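J.: With the working numbering as the guide, the letters of the sequence shown map in order to residues 1 to 466.
What the hints contain is simulated information worked out from the structure, not anything from laboratory work. Computed from a prediction, not measured in an experiment: that's the story for all the values here. One thing to keep in mind: the hints can contain errors.
To be verified - Simulated crosslink set (DSS-like; lysine-lysine; CA at most 27 Å straight-line):
{"id": "1", "residue 1": "Lys-178", "residue 2": "Lys-147"}
{"id": "2", "residue 1": "Lys-376", "residue 2": "Lys-271"}
{"id": "3", "residue 1": "Lys-242", "residue 2": "Lys-231"}
{"id": "4", "residue 1": "Lys-225", "residue 2": "Lys-442"}
{"id": "5", "residue 1": "Lys-362", "residue 2": "Lys-395"}
{"id": "6", "residue 1": "Lys-323", "residue 2": "Lys-231"}
{"id": "7", "residue 1": "Lys-242", "residue 2": "Lys-271"}
{"id": "8", "residue 1": "Lys-178", "residue 2": "Lys-155"}
{"id": "9", "residue 1": "Lys-11", "residue 2": "Lys-155"}
{"id": "10", "residue 1": "Lys-376", "residue 2": "Lys-323"}
{"id": "11", "residue 1": "Lys-242", "residue 2": "Lys-225"}
{"id": "12", "residue 1": "Lys-102", "residue 2": "Lys-178"}
{"id": "13", "residue 1": "Lys-376", "residue 2": "Lys-299"}
{"id": "14", "residue 1": "Lys-147", "residue 2": "Lys-225"}
{"id": "15", "residue 1": "Lys-178", "residue 2": "Lys-115"}
{"id": "16", "residue 1": "Lys-442", "residue 2": "Lys-231"}
{"id": "17", "residue 1": "Lys-271", "residue 2": "Lys-178"}
{"id": "18", "residue 1": "Lys-115", "residue 2": "Lys-102"}
{"id": "19", "residue 1": "Lys-115", "residue 2": "Lys-241"}
{"id": "20", "residue 1": "Lys-416", "residue 2": "Lys-299"}
{"id": "21", "residue 1": "Lys-416", "residue 2": "Lys-376"}
{"id": "22", "residue 1": "Lys-115", "residue 2": "Lys-323"}
{"id": "23", "residue 1": "Lys-242", "residue 2": "Lys-299"}
{"id": "24", "residue 1": "Lys-242", "residue 2": "Lys-442"}
{"id": "25", "residue 1": "Lys-155", "residue 2": "Lys-299"}
{"id": "26", "residue 1": "Lys-115", "residue 2": "Lys-299"}
{"id": "27", "residue 1": "Lys-242", "residue 2": "Lys-416"}
{"id": "28", "residue 1": "Lys-11", "residue 2": "Lys-147"}
{"id": "29", "residue 1": "Lys-225", "residue 2": "Lys-241"}
{"id": "30", "residue 1": "Lys-11", "residue 2": "Lys-115"}
{"id": "31", "residue 1": "Lys-362", "residue 2": "Lys-416"}
{"id": "32", "residue 1": "Lys-416", "residue 2": "Lys-323"}
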Amino acid sequence: MSSTPTPPAIKHYWLGKAYRDMFATSKEAHSLNVAAAKELWDGIGEYDSLAMRGFDALQAFAALCVAPMIVWMIIVPIHFIIVCFVGMFIMTGYLCVSLAEKCYVAFHGWTTVCKYCGNRIHRVEYQCSSCSRWHGNLQPSSFGILKHQCRCGQKLSCSFLGDRHNLRARCPHEGCHKDLDASVETRSYTSVICIIGPPSSGKTGFMIAAMQAMWSYIAPRFLLKGRFNDKMSERFFQEEKKYITQTGSTRKTISEKPPAFNAVFESADGKFLQQVYFFDAAGEIFLTSDKLAAQYQFKNITGGVIIVDPFSLPLLHERYGDKLRELNLDTRITQEDLVDVVERFIIGMQRHFGLDPNRRIKTPFAVIVTKTDLGKLHRLLRPEQLGGDPIAISKHIRRYIDNWGGTGLTHFLESKFENIQYFAASPILLRRTKDGDTAQLKSGTLASPLMWMLETARDPIMKRTR
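Let the hints inform the model, and build the full structure from the sequences given.
T.: This is the structure we're talking about:
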């Protein structure tokens, strides 16, 4: 039988040791009474008078029976009531602080998602700054209202009222235990945005341009400062951005672990924090729903982008196919049916993450027509002529998708997703010269769909079904 591990913190005195001290005191008092009675009893034989012996025997009886009875019937109950009253007062205190913390977190919409394993975290593990013990329950409890005392003697803040977020933290899940930035991970809302589309649909380029839009347009608009939350995201962004501008294309995403950007945006006073997590699964992952099982990020999705390659639609494919082949651009056009891709995504979510198959997805998804720079489609669409009305723009783009042979696509999407809007954008403006291809990022065109998703999305996809 395995023994229960010793908690790293010491339970509050009035909820643990006080009871042990009370019983120890009562036991000690009883032992003293017995010793006194024994001393009197042993001294009875020293008296010649029978009366004196009887008197001493009576004293011994009183010391042995009456005194302990008085202690147990009067003193001990009073002691017990006092200890219980103080304990109840402390319990009420930590329950109130715990409830206040939960309400505070819920009010701000803060969520904690491990950026390594993708699991949602309810209780982050914190490390004692003195002895390096890990505390998995550092919150108001029987171990303390505002502070827990580690077994090394160090007192650690255990509530949002203190400096708990300054401690070293890690993911509590087995097999992960990676370090987390508690000052960000536990005090911010996390937007997890997936980018869905078949191979060669332009998802990676979209992700690069989307992050650039966050830096250049959205963050300045709300007076926020942005930074990457890990070196891997920053390195991937810089390398991919450079590759796009120099070659006019993106590197092939071959890993089943999707490259992701994990950035945090905060106000100057530090009171507002929001993490934005973009991830682009390799297009091949949607060719079979079984591969979705390893993509932990999917269960925490708060919004998504569905990439529509317009040249994969029947009418435009027929109209521009030969011209694209002449320009050697046909390899950049997806050959997969987007309906099949999205359907496999939904089936994978249902099979591996418990998505309800009988309800439409309420999580906001932006359906974005990309590559509008090719064939000068942007001149045909011209959404700016609608004066910035998002509903009118969505209907306008949807109408063109239908006219290009995508009626089945729009009907399918609207039967599966409750909250979708249509947009058009060309995140990569291709430039062809005799020396080769280059490109320019047109991140400003993505500001509208990103703002719509960030303002609309709150709960993860698992909670947003009806």
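J.: Determine for every hint whether it applies to the structure shown.
T.: Cross-check of the supplied hints:
1. Lys-178 - Lys-147: The hint holds at about 25 Å.
2. Lys-376 - Lys-271: Violated, at roughly 45 Å.
3. Lys-242 - Lys-231: Cα-Cα ~17 Å, so holds.
4. Lys-225 - Lys-442: Distance ~21 Å between Lys-225 and Lys-442 Cα, so the pair holds.
5. Lys-362 - Lys-395: holds, 19 Å
6. Lys-323 - Lys-231: violated, 42 Å
7. Lys-242 - Lys-271: Given pair Lys-242, Lys-271 is violated - Cα atoms ~34 Å apart, limit 27 Å.
8. Lys-178 - Lys-155: holds, 24 Å
9. Lys-11 - Lys-155: holds, 12 Å
10. Lys-376 - Lys-323: holds, 13 Å
11. Lys-242 - Lys-225: holds, 23 Å
12. Lys-102 - Lys-178: holds, 24 Å
13. Lys-376 - Lys-299: violated, 38 Å
14. Lys-147 - Lys-225: violated, 32 Å
15. Lys-178 - Lys-115: holds, 9 Å
16. Lys-442 - Lys-231: holds, 24 Å
17. Lys-271 - Lys-178: holds, 26 Å
18. Lys-115 - Lys-102: holds, 22 Å
19. Lys-115 - Lys-241: Distance ~22 Å between Lys-115 and Lys-241 Cα, so the pair holds.
20. Lys-416 - Lys-299: At roughly 17 Å apart (the allowed maximum being 27 Å), Lys-299 and Lys-416 satisfy the hint.
21. Lys-416 - Lys-376: Answer violated: Lys-416 to Lys-376 is near 31 Å, above 27 Å.
22. Lys-115 - Lys-323: violated, 43 Å
23. Lys-242 - Lys-299: The hint is violated at about 31 Å.
24. Lys-242 - Lys-442: holds, 14 Å
25. Lys-155 - Lys-299: violated, 37 Å
26. Lys-115 - Lys-299: holds, 13 Å
27. Lys-242 - Lys-416: violated, 37 Å
28. Lys-11 - Lys-147: holds, 11 Å
29. Lys-225 - Lys-241: Roughly 20 Å between the alpha carbons, so the hint for Lys-225 and Lys-241 holds.
30. Lys-11 - Lys-115: violated, 32 Å
31. Lys-362 - Lys-416: Distance ~9 Å between Lys-362 and Lys-416 Cα, so the pair holds.
32. Lys-416 - Lys-323: violated, 35 Å
Of the numbered hints stated above, those contradicted by the structure are hints 2, 6, 7, 13, 14, 21, 22, 23, 25, 27, 30 and 32, listed in ascending order.
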